[in-house]
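> Top to bottom, those sequences are chains A and B.
According to this note's numbering, the residues represented by the first sequence are 1 to 388, in order.
According to this note's numbering, the residues represented by the second sequence are 1 to 388, in order.
It is worth saying that the hints were derived from the structure and are not from the lab.
The reader is advised that the hints may include incorrect statements.
Since copy identity is lost for identical chains, a pair holds within one copy or between any two.
The calculated DMTMM-like cross-link candidates involving lysine to aspartate or glutamate, where the alpha carbons are at most 20 Å apart (straight line), are [said to hold, decoys possible]: (1) K91 to E292; (2) K6 to E265; (3) K367 to D54; (4) K237 to E210; (5) K261 to E7; (6) K260 to E7; (7) K237 to D58; (8) K126 to D178; (9) K124 to D227; (10) K333 to E156; (11) K363 to E379; (12) K233 to E210; (13) K6 to E257; (14) K159 to E265; (15) K159 to D178; (16) K233 to E44.
There are 2 protein chains.
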Amino acid sequence: MLGIVKERLFTPGPTPLLLEAQARALAAGNVHHRTEAFRKVMVETLALLKYYYDTRNDVLIFASSGTGAMEGSVANLLSPGERMLIGTAGKFGERWLGLAKAFGIEAVTVESPYGQPVNIDAMKQKLASDGPFRAVCIQATETSTAVMNDVRALGEVVKNYPETALVVDAITGLGTSDLRIDEWGLDIVIGGSQKAVMIPPGLAFASVSEKAWGLIAKSKLPRFYFDFAKERKNQAKGETAYTPATTLIIALNAALEYIKKLGRENLIANAALLAEASRVAAQALGLKLFAESSPANAATAVCAPAGVDSGAIVKELRTRFGAIIANGQGSMKGQIFRLAHLGYYDITDLFAVFAALEIVLLKLGQKVELGSSVRAVQEVYLRHAGGQ
Amino acid sequence: MLGIVKERLFTPGPTPLLLEAQARALAAGNVHHRTEAFRKVMVETLALLKYYYDTRNDVLIFASSGTGAMEGSVANLLSPGERMLIGTAGKFGERWLGLAKAFGIEAVTVESPYGQPVNIDAMKQKLASDGPFRAVCIQATETSTAVMNDVRALGEVVKNYPETALVVDAITGLGTSDLRIDEWGLDIVIGGSQKAVMIPPGLAFASVSEKAWGLIAKSKLPRFYFDFAKERKNQAKGETAYTPATTLIIALNAALEYIKKLGRENLIANAALLAEASRVAAQALGLKLFAESSPANAATAVCAPAGVDSGAIVKELRTRFGAIIANGQGSMKGQIFRLAHLGYYDITDLFAVFAALEIVLLKLGQKVELGSSVRAVQEVYLRHAGGQ
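One chain only, chain A, in its complex shape (with noise of 0.2 Å):
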């Protein structure tokens, strides 16, 4: 019916491109990796990622997407015959489980329904009665059902135990929650280029702690590709093992430049915000949340109506205004939706996607009072400007 329609993604990754990121990269013209003047792009790109993940620690980049670093972590802490703890709450925490098995590790999990996160107490229980266990692998935040897990009690349990690293998949944490990596005993924690840093698929990154380090120095798991001591002495020339994705480098100084004049802190309260004022809406149009006890910043889940397939939601608000939202994924398809609120999106970005959702829900056979989950994020916002 309409002339135009505009693409708009709300999904967690690939997010909204900041475009001036993505004009350097492109301005950069044709780059070779081999030169001073990469190494120079290389050695303040790791500085600010440095800054980004607000660590002391070295932090790495690989080409490839954040299960490469997945691997990376598994595969430079481990020997044979060394296991793994896990805790797992959905999809993602399900890929520590296959990587595991992939390097023939035995793996012990704890396990929680989805949309709640993972039970700390339990890890610890587990680290007494079932050790010793070389790596204890979780997500910061689980975003296939937007649950926040509390790595910071888990950190100070591990913290205990000096033959053993924490490694947090933080691919879409970072930038989005609180984490005090250093404070906290976080070992490894993975990112993600097409998550809150703005740019798109391409890059996986690495932070390393020293304790981390010992335990890789010991460790006899084959790698080649994600070999983190290898990559560690390369990097710190602005070098890399092997041929490093240039244009997507070139993308994320420039993102982190921009994140680092908002500030790291600016951004994570705006996704926040914006998870704040989403459940709100969400709920004033009478949906259920799915993560009731510990959402996370980075997305909301939302429970589709009784007797409403959220796929029907996505594609209606796909073909209707170009917003592309995320379905359920595995067991979850077609039972809630999920937007995204890491990286670059905005308050206004929340008006137009609940308004466009109002009218979708209405479609669908809901009853719907028009303007009201945008008035909901009306009042979070106002609440959260106060006086200003």
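Following the hints, put chain B in place on chain A, whose structure we already have.
What follows is chain B alone, placed relative to chain A:
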């Protein structure tokens, strides 16, 4: 207070860029205009421009702002001692007067108060009583007041004067209103690139009828850069008399392909829908429309509430939400604000900007029912969507 605030244009030029058109221009790299490759682009673009204009007349492209083609119309049609009839109802109508003065041409004006359309009957009378006139000049849409003039009725009148050309500034009228150039006898119709064609400023367009070409052949005013006959001859071969703005023409080519795929009638219907929804939404907030009798689709002009400077609305929208709308121009500054609909805007943009406007009005001390204007936009959408 908020972390991320994205910039969003809601101004009647520049308008939001079609990024795929920008990307095409950038990807073209170094272009030389005296090449077969560029001639091919030029010929294609001129053909697409005729589609966009919906005319069989020649359409010329100039590297200039729209005002350049306005000057060209005067300089190419008139001779010293000849006269112009001008219909004016705002800042852009007054530009015709400035041009007449600069070229030493006597002008007779029919002037309407800001916010009202030009009185076409009065122009008809002037043509009969005060002639002969070589040119009759008017705006299809007076952007400064967001008023539409009845150029169809004026065309019917001017058709009866074989020695008089009708010149229409359709800089914001093209792509937002039904302009039957050939049928209505619009002899010269002027456009600009930063309007409904979704690309940056820097190009002006002019369609020229056979009647106008006949008069141009006899005209004696001085012109060099804006020499229509010289450009006609060059552009027929895909050349230009002077250096063309190559990257803008490549972007125009891409944008016009998008418009052709969308359908020019859908582009116009899109602007009409957004204009209708904006009027209803503004009224839902208790605001008065500035152009009550003949509102344009290109933009909506809204009166600021009593005691509020419209500049404060513009400033707060920009600061809080990154939404850039236009203040009134000239004597209307501080009294009205203007929200554009021409080009790459969609209904989701409107949800967003009205939700933002509600908060701004509230912060400026107005009584606002949050969500009420968004609901008005939603209702217009639903009415147009019908059973869809």
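> Now, for every hint given, state plainly whether the structure supports it.
Each hint tested on the structure:
Within a single copy, K91 and E292 get their C-alpha atoms as close as 18 Å, which meets the 20 Å cut-off; across copies the closest is 57 Å, which misses it. In this homomeric assembly, K6 and E265 come within 20 Å of each other (Cα to Cα) only across copies, at 18 Å, whereas the closest approach inside a single copy is 30 Å. Taking the shortest Cα distances, K367 and D54 never come within 20 Å of each other, neither inside one copy (46 Å) nor across copies (44 Å). In the homo-oligomer, the alpha carbons of K237 and E210 lie at most 20 Å apart inside one protomer (19 Å), although the nearest pairing across protomers, at 70 Å, exceeds that limit.
Taking identical chains as interchangeable, the C-alpha atoms of K261 and E7 lie at most 20 Å apart only when they sit on different chains, with a minimum of 16 Å there against 28 Å within one chain. Proximity of K260 and E7 under a CA criterion of 20 Å is satisfied inter-copy only: 19 Å between copies versus 28 Å inside one chain copy. Proximity of K237 to D58 under the C-alpha cut-off of 20 Å is restricted to the intra-copy arrangement: shortest distance 13 Å within a copy versus 62 Å between copies. Proximity of K126 to D178 under the C-alpha cut-off of 20 Å is found in neither arrangement, the shortest distances being 26 Å within a copy and 73 Å between copies.
Taking the closest pair of Cα atoms, K124 and D227 never come within 20 Å of each other, the shortest separation being 30 Å inside a single copy and 83 Å across copies. When the C-alpha separation of K333 and E156 is checked against a cutoff of 20 Å, the pair qualifies neither within a copy, at 35 Å, nor between copies, at 61 Å. For a Cα distance limit of 20 Å, the shortest separation of K363 from E379 across copies, 12 Å, qualifies, whereas the shortest one inside one copy, 25 Å, does not. For a Cα distance limit of 20 Å, the shortest separation of K233 from E210 inside one copy, 14 Å, qualifies, whereas the shortest one across copies, 74 Å, does not.
With identical chains, the CA atoms of K6 and E257 are at most 20 Å apart between copies only, with a shortest distance of 16 Å across copies and 28 Å within one. For the identical chains of this complex, K159 and E265 are neighbours neither inside a copy (25 Å) nor across copies (66 Å), given an alpha-carbon limit of 20 Å. With identical chains, the CA atoms of K159 and D178 are at most 20 Å apart within one copy only, with a shortest distance of 19 Å there and 72 Å across copies. For the identical chains of this complex, K233 and E44 are intra-copy neighbours only, at 16 Å inside a copy versus 55 Å across copies, given an alpha-carbon limit of 20 Å.
Hints 3, 8, 9, 10, 14, counting from the list given before, are not met by this structure.
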